[in-house]
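Listed in order, the protein sequences are those of chains A and B.
FYI, in the UniProt record's numbering the residues of the first sequence are 1 to 294.
FYI, in the UniProt record's numbering the residues of the second sequence are 1 to 314.
Bear in mind the hints are in silico, worked out from the structure with no lab data behind them.
Please read all numbers here as calculations on a predicted model, not as lab measurements.
The reader is advised that the hints may include incorrect statements.
Said to hold, decoys possible - Only part of the chain A face toward chain B is listed, based on derived beta-carbon distances under 7 Å:
1. M131
2. A173
3. A268
As the list claims (entries may be wrong) - Label-pair ranges, simulated between beta-carbon atoms:
4. B:P230 x A:L273: 50 to 58 Å
5. B:V68 x A:L189: 18 to 26 Å
6. A:F87 x B:L238: 27 to 35 Å
7. A:S219 x B:D261: 45 to 53 Å
8. A:E164 x B:V211: 49 to 57 Å
9. A:L275 x B:A278: 32 to 40 Å
10. A:Y29 x B:L295: 20 to 28 Å
11. A:H67 x B:A278: 50 to 58 Å
12. A:H136 x B:K158: 52 to 60 Å
13. B:D261 x A:L18: 33 to 41 Å
14. B:P230 x A:L119: 16 to 24 Å
As the list claims (entries may be wrong) - A few chain B positions that, by computed beta-carbon distances, are all more than 10 Å from chain A:
15. F53
16. I62
17. S171
18. R175
19. I179
20. L205
21. H222
22. F236
23. D257
24. P267
25. V270
26. G287
27. V301
28. S304
We treat Cβ as the ideally placed atom computed from N, Cα and C, and that holds for glycine.
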Amino acid sequence: MLTRRTKGDIWFDLINYLFLGGFTLMILYPLYFVVIASISSPDRIFSGDVWFWPRGITFDGYRRIFHEPTIWIGYRNSILYAAISAFISTALVIAAAYPLSRKDFYGRGGFMFFFLVTLFFNGGIIPTYLMMKDIHLIDSMWAVILPSAVDAFLIIIAKTFFQELPEELREAAAIDGCRNLRYLFSIVLPVSKPIIAVLVLFAVVRQWNGFFDALIYLSDGDKYPLQLVLRNILIQSQPSGNLVNDVDTLLAKQRVTELIKFGVIIVAALPLLVLYPFLQRYFVKGVMVGSVKG
Amino acid sequence: MMVAKKREAIPAAGRGRLKRVRANYELYLLISFPVVYFLIFKYWPMYGVQIAFKDFSASQGIWGSPWVGFDHFKRFFDAYNFWQIIRNTVYLSGLNLAIAFPIPIFVALMLNQLRQQRLKRFIQTTIYAPYFISTIVLVGMLYVFLSPSSGLVNQVIKLFGGEPILFAGESAWFRPMYIFSSVWQETGFSSIVYLAALAGIDPHLHEAAVVDGASKWKRILHIDLPGIAPTIVVLFILAVGNLMNIGFEKAFLLQKDLNVDVSEIIPTYVYKIGIQRAQYSFSAAIGLFNAAINLVLLYIVNRSAKKISGNGLF
Chain A
1 MLTRRTKGDI WFDLINYLFL GGFTLMILYP LYFVVIASIS SPDRIFSGDV WFWPRGITFD
61 GYRRIFHEPT IWIGYRNSIL YAAISAFIST ALVIAAAYPL SRKDFYGRGG FMFFFLVTLF
121 FNGGIIPTYL MMKDIHLIDS MWAVILPSAV DAFLIIIAKT FFQELPEELR EAAAIDGCRN
181 LRYLFSIVLP VSKPIIAVLV LFAVVRQWNG FFDALIYLSD GDKYPLQLVL RNILIQSQPS
241 GNLVNDVDTL LAKQRVTELI KFGVIIVAAL PLLVLYPFLQ RYFVKGVMVG SVKG
Chain B
1 MMVAKKREAI PAAGRGRLKR VRANYELYLL ISFPVVYFLI FKYWPMYGVQ IAFKDFSASQ
61 GIWGSPWVGF DHFKRFFDAY NFWQIIRNTV YLSGLNLAIA FPIPIFVALM LNQLRQQRLK
121 RFIQTTIYAP YFISTIVLVG MLYVFLSPSS GLVNQVIKLF GGEPILFAGE SAWFRPMYIF
181 SSVWQETGFS SIVYLAALAG IDPHLHEAAV VDGASKWKRI LHIDLPGIAP TIVVLFILAV
241 GNLMNIGFEK AFLLQKDLNV DVSEIIPTYV YKIGIQRAQY SFSAAIGLFN AAINLVLLYI
301 VNRSAKKISG NGLF
């Protein structure tokens with residue numbers, strides 16, 4: 001391409017670098033600060049010493065977090081819920097999307113309408129709550145997994161993907177006597193890894209980060225997902241006794257609590273951080289397909 | 001949208017139809033699972049919406065409870081805090097839209113001008129990341145950074161000789177906290193769609209404009225912006241259609257007794273009345289009222305967008 005930079009363009013580039021640089025820094029710095037603060041001495045944080053490097057390095061915060069049973073229980077629950085959600089959500093979405101992607105599926109318009117209606121109309125919080133009560137799921141792990149397991153929006157994304165598979169593939173398989181279900185399992189699914197990844201990641205992220213269902217349906221602390229445990233520590237500043245009970249003065253307690261907050265932010269974000277390369281790749285894809293069709 | 005698919009030629013008699021269904025019986029078996037799921041978890045609550053017009057009591061059930069017409073709606077309209085809640089909801093949502101909607105467009109336009117692909121990728125990787133932080137952690141971070149005793153922001157204020165501000169406890173700071181954190185968390189991710197739209201613009205247009213001596217800024221204004229206008233319109237419709245659909249989570253977490261006069265919005269109120277005080281019918285009515293406004297809004301915006309630009313959703 002021709003590069004004919006006008007004087008205005010040089011100014012433009014300069015301002016652009018400044019803007020994007022500033023914006024990126026605004027995103028990055030708080031994340032970075034949480035990391036360095038989580039290993040800094042709480043006294044140094046309080047006196048405003050911690051800016052660019054950790055000061056008075058201590059792993060006391062993490063030590064306390066790792067010895068706290070509620071966090072471990074929350075962690076275990078969240079992993080369990082995320083795994084089951086990923087399985088159920090993906091299975092149900094594919095079970096809806098695959099038939100809908102088939103042109104020879106009689107009644108697909110009607111089925112599609114049946115699913116899509118739920119994007120515009122829903123019962124709302126209270127009627128959903130009463131339904132959950134009626135089927136006796138309240139205070140069980142299914143209350144956190146099932147109500148939001150499937151979204152019609154995901155069905156659209158998956159259906160779009162399946163529609164793009166070549167029709168000849170199925171015709172060839174049909175001639176070889178491969179029936180619908182076997183075709184789906186042995187031919188379609190193996191080539192559908194990208195869309196399965198999108199569905200699994202959507203479910204995992206939603207389950208890992210969500211707390212609404214747990215908040216309204218769960219009362220048994222042993223079933224709390226990590227996010228609700230975090231809420232007590234981060235938002236309500238009420239770390240359970242074990243976290244700070246060896247600290248004497250109120251002031252010191254407050255400081256240790258702050259240190260723990262930085263630590264749990266890292267601990268909570270860690271799984272998604274590990275998944276981040278995949279998230280970036282597949283979420284971007286999902287958003288794009290969704291935006292074209294949605 | 002997707003529903004209006006071209007009808008395929010249906011074989012003359014019902015027998016042909018039956019044959020087609022039978023040939024694909026496995027597919028019907030497959031789709032029956034999500035259908036049952038949707039019937040229970042999506043349609044059952046829709047059926048339950050009628051309690052908004054009834055006096056629900058657990059012993060009589062949804063069907064058996066007596067009708068009371070619009071009583072619950074009237075009670076809500078007459079409530080002393082009705083206008084306050086509506087105003088808070090519209091204000092928070094509208095302000096959020098006005099500020100958080102244009103920024104991703106601007107960021108995408110600017111990113112699109114970067115030549116260095118590695119730098120571009122680094123920036124994208126960084127600014128998408130906050131999207132995956134949970135609301136609880138996000139609000140926790142806000143509190144940590146804004147803490148009057150140890151928070152970074154107040155450290156800076158003190159450094160310049162100011163008085164520390166109790167952000168979390170002042171009504172005036174609720175909306176800024178809410179909106180700033182939205183911008184911080186969502187801008188990067190929202191820019192993806194616009195970047196995709198920008199990638200779809202014909203590069204010949206830019207080449208021709210360069211030959212004609214158009215500056216970068218001119219090209220953004222006359223090529224890029226018109227090129228992504230349809231995308232902007234669609235997303236704007238969705239955003240306005242969701243104006244009254246503002247999320248429960250963040251407002252709920254940022255809410256304190258001290259700022260409840262601005263932080264009480266419809267979803268938090270429904271939660272309080274319905275889940276905490278178990279006034280099911282009353283809160284279902286408030287929820288339904290909210291949903292109805294939302295649908296009307298979506299319809300109006302879609303209509304006017306179609307009229308103005310020819311781009312609509314439906």
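query = Just checking, D257 of chain B versus chain A, shortest CB gap more than 10 Å?
reply = Non-interface label stands for D257 of chain B: nearest chain A Cβ at 13 Å, farther than 10 Å.
Exercise. Mind verifying the non-interface call on V301 of chain B? Its CB should be farther than 10 Å from each CB in chain A.
Key: Consistent with the label, V301 of chain B stays out of reach of chain A, its closest Cβ about 14 Å off (over 10 Å).
Can we confirm that no CB of chain A comes within 10 Å of the CB of I179 of chain B?
-> Fine: 14 Å to the nearest Cβ keeps I179 of chain B off the interface.
Okay, D261 of chain B versus L18 of chain A on CB: inside 33 to 41 Å? holds, 39 Å
Self-check item: Outcome for the supplied range 45 to 53 Å, where the beta carbon pair is S219 of chain A and D261 of chain B
Solution: violated, 29 Å
Item to complete: Classify the label on V270 of chain B as holds or violated, using whether its beta-carbon is more than 10 Å from each beta-carbon of chain A.
Response: violated, 6 Å
Is 18 to 26 Å right for how far apart the beta carbons of V68 of chain B and L189 of chain A are?
violated, 51 Å
*asked:* Taking 20 to 28 Å as the stated bounds, is the beta-carbon spacing between Y29 of chain A and L295 of chain B within them?
replied: Given about 41 Å between the Cβ atoms, the range is violated.
That 50 to 58 Å hint for H67 of chain A and A278 of chain B (C-beta), does it hold up?
Given a distance of about 38 Å, which is not inside 50 to 58 Å, the answer is violated.
Next item on the list: Classify the label on L205 of chain B as holds or violated, using whether its beta-carbon is more than 10 Å from each beta-carbon of chain A.
Entry: holds, 12 Å
- Just double-check R175 of chain B for me: nearest Cβ-Cβ distance to chain A has to come out over 10 Å. Nearest chain A Cβ is 18 Å from R175 of chain B, so the label holds.
Exercise for the section: With 49 to 57 Å as the target window, see if E164 of chain A and V211 of chain B comply at their CB atoms. Expected result: Taking Cβ atoms as reference, E164 of chain A and V211 of chain B lie about 37 Å apart, which means the hint is violated.
Violated hints for the displayed structure, listed by number in ascending order: 2, 4, 5, 7, 8, 10, 11, 16, 24, 25, 26.
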